[in-house]
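Protein chains in written order, with the numbering used here: chain X, 8 to 276; chain U, 5 to 333; chain V, 25 to 335.
Don't take every hint at face value.
Derived DSS-like pairs (lysine-lysine); straight-line CA-CA distance at most 27 Å [stated by the list, open to error]:
| # | chain 1 | residue 1 | chain 2 | residue 2 |
| --- | --- | --- | --- | --- |
| 1 | X | LYS57 | V | LYS139 |
| 2 | V | LYS139 | X | LYS18 |
| 3 | U | LYS108 | U | LYS127 |
In silico negatives: residues of chain U with every beta carbon more than 12 Å from chain V [said to hold, decoys possible]:
| # | residue |
| --- | --- |
| 4 | ALA8 |
| 5 | GLN59 |
| 6 | ARG80 |
| 7 | VAL82 |
| 8 | PRO157 |
| 9 | ASP170 |
| 10 | ALA248 |
| 11 | ARG283 |
| 12 | THR298 |
| 13 | ALA320 |
If you're looking for bench data, these hints aren't it; they were derived computationally from the structure.
Ideal Cβ positions, reconstructed from N, Cα and C, are used throughout, including at glycine.
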Amino acid sequence: MRSDRSPLALKLAAFGGLLFLHLPILLIFLYAFTTEERSYQFPPPGLTTKWFAVAWFDRPDIWPPLYLSLKVAAISTVMALILGTFCAAAMSRARFFGRDQITLLVLLPIALPGVITGMSLRSAFGVMDIPFSTWTIVLGHATFCIVIVYNNAVARFRRLSGGILEASADLGANSFQTFRHVLLPNLGSALLAGGMLAFALSFDEVIVTTFTAGQQSTLPIWMLNELVRPRQRPVTNVVAIVVFAATFLPILAAYYLTRGGSETAGMGK
Amino acid sequence: MTSAVEFRSVSRHFGPVRAVDGVDLTIAEGSFFAMLGPSGSGKTTCLRLISGFEQPSAGAIRIFGEDVSRVPPHLRNVNTVFQDYALFPHLNVRDNVAYGLMVKGVGRGPRHAQAEEMLALVKLDGYGDRKPAQLSGGQRQRVALARALVNRPRVLLLDEPLGALDLKLREAMQDELKALQHRLGLTFVFVTHDQHEALSMADHLAVFNEGKIAQIGTPQDIYDRPATRFVADFVGSSNVLPPALTRALGGPEAWASLRPEAVRLAAAGPVTGPVTALRYLGVGTRVAVRLGETEVAALIPAGQPLPAEGEIVALAFDPSALHVMEGAR
Amino acid sequence: MSGAVLPARGPGDRLTGLFWRRPWLLLLLLIAPPLLWLGVVYMGSLAALLLQSFYSIDEFSGIVVPEFTLKTYAELFRAQNLDIILRTVTMAAAVTLACAALAFPIAYFAARYAKGPWKAAFYLGVMLPLWSSYLVKVYAWKLILAKEGILGWAAERTHTGFVIDGLLSIPGLQGSSLSTSPIGTFLVFVYIWLPYMILPMQAALERVPQSMLEASADLGATSRQTFRSVILPLALPGVVAGSIFTFSLTLGDYIIPQIIGNSANFIGMAVYQLQGTAGNIPLAAAFAVVPIGIMLVYLWLAKRAGAFDAL
Chain X
8 MRSDRSPLAL KLAAFGGLLF LHLPILLIFL YAFTTEERSY QFPPPGLTTK
58 WFAVAWFDRP DIWPPLYLSL KVAAISTVMA LILGTFCAAA MSRARFFGRD
108 QITLLVLLPI ALPGVITGMS LRSAFGVMDI PFSTWTIVLG HATFCIVIVY
158 NNAVARFRRL SGGILEASAD LGANSFQTFR HVLLPNLGSA LLAGGMLAFA
208 LSFDEVIVTT FTAGQQSTLP IWMLNELVRP RQRPVTNVVA IVVFAATFLP
258 ILAAYYLTRG GSETAGMGK
Chain U
5 MTSAVEFRSV SRHFGPVRAV DGVDLTIAEG SFFAMLGPSG SGKTTCLRLI
55 SGFEQPSAGA IRIFGEDVSR VPPHLRNVNT VFQDYALFPH LNVRDNVAYG
105 LMVKGVGRGP RHAQAEEMLA LVKLDGYGDR KPAQLSGGQR QRVALARALV
155 NRPRVLLLDE PLGALDLKLR EAMQDELKAL QHRLGLTFVF VTHDQHEALS
205 MADHLAVFNE GKIAQIGTPQ DIYDRPATRF VADFVGSSNV LPPALTRALG
255 GPEAWASLRP EAVRLAAAGP VTGPVTALRY LGVGTRVAVR LGETEVAALI
305 PAGQPLPAEG EIVALAFDPS ALHVMEGAR
Chain V
25 MSGAVLPARG PGDRLTGLFW RRPWLLLLLL IAPPLLWLGV VYMGSLAALL
75 LQSFYSIDEF SGIVVPEFTL KTYAELFRAQ NLDIILRTVT MAAAVTLACA
125 ALAFPIAYFA ARYAKGPWKA AFYLGVMLPL WSSYLVKVYA WKLILAKEGI
175 LGWAAERTHT GFVIDGLLSI PGLQGSSLST SPIGTFLVFV YIWLPYMILP
225 MQAALERVPQ SMLEASADLG ATSRQTFRSV ILPLALPGVV AGSIFTFSLT
275 LGDYIIPQII GNSANFIGMA VYQLQGTAGN IPLAAAFAVV PIGIMLVYLW
325 LAKRAGAFDA L
């Protein structure tokens, strides 16, 4: 009596749910072209492309946050790549006391709400009298990016047959040669995927950042200010498109890099 | 003759588990040596002790007279054919084979030439550009072999090298391996749980049981004169006779083994019993006769008259075929 | 023929030898940096948070008094603060329920009926919104819910504006538009956290073997009975796992209620305002400990329901 055809109602509900997830984002694109800059009037009274030019030429306040976001995301990603890969490598090598605790420790920064991570870092900076800087932002971002890289790397380590590392040593390669010629080529795409996801996560992060940035603005903080006190609304949409692309493209690329395994990227977030 | 590998009371413990327990072993240069035993008997650990992936908890290991206790795997001039072959999935066949030369700093041209030469040796010429995933199990096995041999190791280790192949391929590879070893004059050490494979390929073998060597010798030694009941049982079709039966059959009161080929059926004799089963084997028929608590098998060559099941028969044999086991357990 | 032992060629070989003789050394070198980072930076910060929550603030000078006291925690029990906690927990519970209801058809369809390219499409269809910019998604809803926005326009065109007006006149849910009403806050929370519910649910449903469904049918169960007595109980761990995300994320969020809603206070907002403009770091820290406490209880309950097998 089991059929491979789904009930119509279920199909409708499932596709309706997916539409619900995707349609709102399209509006961001539409409103970037509206001629109305003081309200969110629908349908837009007219369409124009001038806001892209305005954002590029007339809004110097966009550039410093963009640079800062890129800088923070780049540094955090590199740190997360190193720390996450180290951790995954160690965890794949041996079963040892405290493994589960370490897994929990890696997961915690992303499992607990951002406001707790943010407030904790804020408290620590307060207790230790550390002034806010780019590095205080990086400290927070790298912390929650580690788990993204870790998840990708650990899945690949699991799939990698341990035999090939032994085979490499057996054939005369020392640890560094094994890393360079066997481990890195096999781990590469997983690390690239993890790195891109970490970059996307950092570039977009706002909650932890508001606690660790002090007076500085990253692009998401700039956007948040625009949302609370809008000036030229369509310009915000133009920036939103940029931010969207900066998170959308890496996840798409990461998906294609790790496709075909049980390890497909992204489950970690 | 130099010994290629030498174990001096070597032990390897994993926590409370004694995987290898006080093993003494000498493998002669140029021999085809098999380590035979059930899983968990310590044979694979012994192989890994030679390659260096395990370190002895006690004892010393020498390879061609050199103590390797402090030598990591990559500096041992010993190569392994792994059970699952462990080919590098990201490299093509040629680069897989040339890997050992590459990490030793051999230039691209010469190492590729040598790799092709080795591929020809294992009859895989023309396969250099393929990826391991595009090969069959048997082909992968040959690549693994070529990859190990290209380094001109002093000892080649093979870990259940034929385990993943189907029966027909396995038999073909057995002959090929044997021929290859003969041609290269290399010392081969291979691990297997398959007694037929061990007996037919090796010129010497060690039978492992619970981390210890139960017996070491030529296939003939092991087959004809098993040292213990375990060896007699594991190596195969020998009859194991308890002390009372040995005595009744005219031997001393001790455990003994008796090959079925040496047993004949007779009209009368000191011990008689009913035929419990007949199994046709092609070259002959295996007749099982119940003698008290023990079942004794006789191999009757084809063409000779066979008893019926249930018929009471007596056994006769050449007394020299009766092998009394020492230290029988 | 070369010897049985090759000479070491340089520091790389010697170091490899050292790692081989002392396997724990390499392990230690690998695990130490991430462990130090997470241990010092993260656990250290959590400890600082906990520490500060036991400090208090001098009411006249506004300076933090670094002495142990439970006074700050006692302040949480003031009516206005209890209100905030209650409002946040209610919202988190409502959001979790709505997410579970919306996620189920998608997860069920993806796990059971979607095959081949459709399966990949469904996966991406959930994954992309999950990873897309959080702020952009919130912003999109500001556009949708604004009085002059697409929902208002659609209601006007279909003459269903009275539905929205009716909703907005319910006591407790009032607002001048959906974007300034708690309904808006709720909708956006559901939208943003929905993928976090779909993925674990789908994972749990995918583990229901087809043979089990067939066995149930063989035993004479109707599809409705199979669904209720086999699929639902087996999907429950996934629902619980997903609810951990939706519940925890709603508890801690402060951007959404700040941008959409009637600016009623939530825990996250309280933390942000207290540490920022108010400068009352001890109370902010104490507030931040509240979600941790709630989540610990929640996790303990979830663990008893066997939800962690589905993570």
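Hints, one by one, checked against the model:
1. About 44 Å separates the Cα atoms of LYS57 of chain X and LYS139 of chain V, which puts this hinted pair outside 27 Å; it is violated.
2. As the CA atoms of LYS139 of chain V and LYS18 of chain X are separated by approximately 14 Å, the hinted pair is consistent with the 27 Å bound.
3. Straight-line distance between C-alpha atoms of LYS108 of chain U and LYS127 of chain U comes to about 25 Å, which keeps the hinted pair within the 27 Å bound.
4. The beta carbon of ALA8 of chain U sits about 8 Å from the closest Cβ of chain V, which is not more than 12 Å, so the claim that it is off the interface is violated.
5. Consistency note on GLN59 of chain U: stated as away from chain V, yet its beta-carbon is not over 12 Å from all of that chain's, at 8 Å minimum.
6. With a closest Cβ-Cβ approach of about 6 Å to chain V, ARG80 of chain U is found to fall inside the 12 Å limit, against its non-interface label.
7. A cut-off of 12 Å between C-beta atoms contradicts the statement that VAL82 of chain U is not in contact with chain V; the least separation is 7 Å.
8. Chain V draws PRO157 of chain U into its interface by the beta-carbon criterion, the shortest separation being 9 Å against a cut-off of 12 Å.
9. The beta carbon of ASP170 of chain U is kept farther than 12 Å from every beta carbon of chain V, the shortest such distance being approximately 30 Å.
10. For ALA248 of chain U, the requirement that its beta carbon stay farther than 12 Å from each beta carbon of chain V is met, with the minimum near 51 Å.
11. ARG283 of chain U, annotated as away from the interface, keeps every beta carbon of chain V farther than 12 Å; the closest lies near 39 Å.
12. A cut-off of 12 Å between C-beta atoms confirms that THR298 of chain U is not in contact with chain V; the least separation is 47 Å.
13. Distance check for ALA320 of chain U against chain V: the nearest CB is about 53 Å away, which clears 12 Å, and the non-interface claim stands.
The earlier numbered hints that this structure contradicts are 1, 4, 5, 6, 7, 8.
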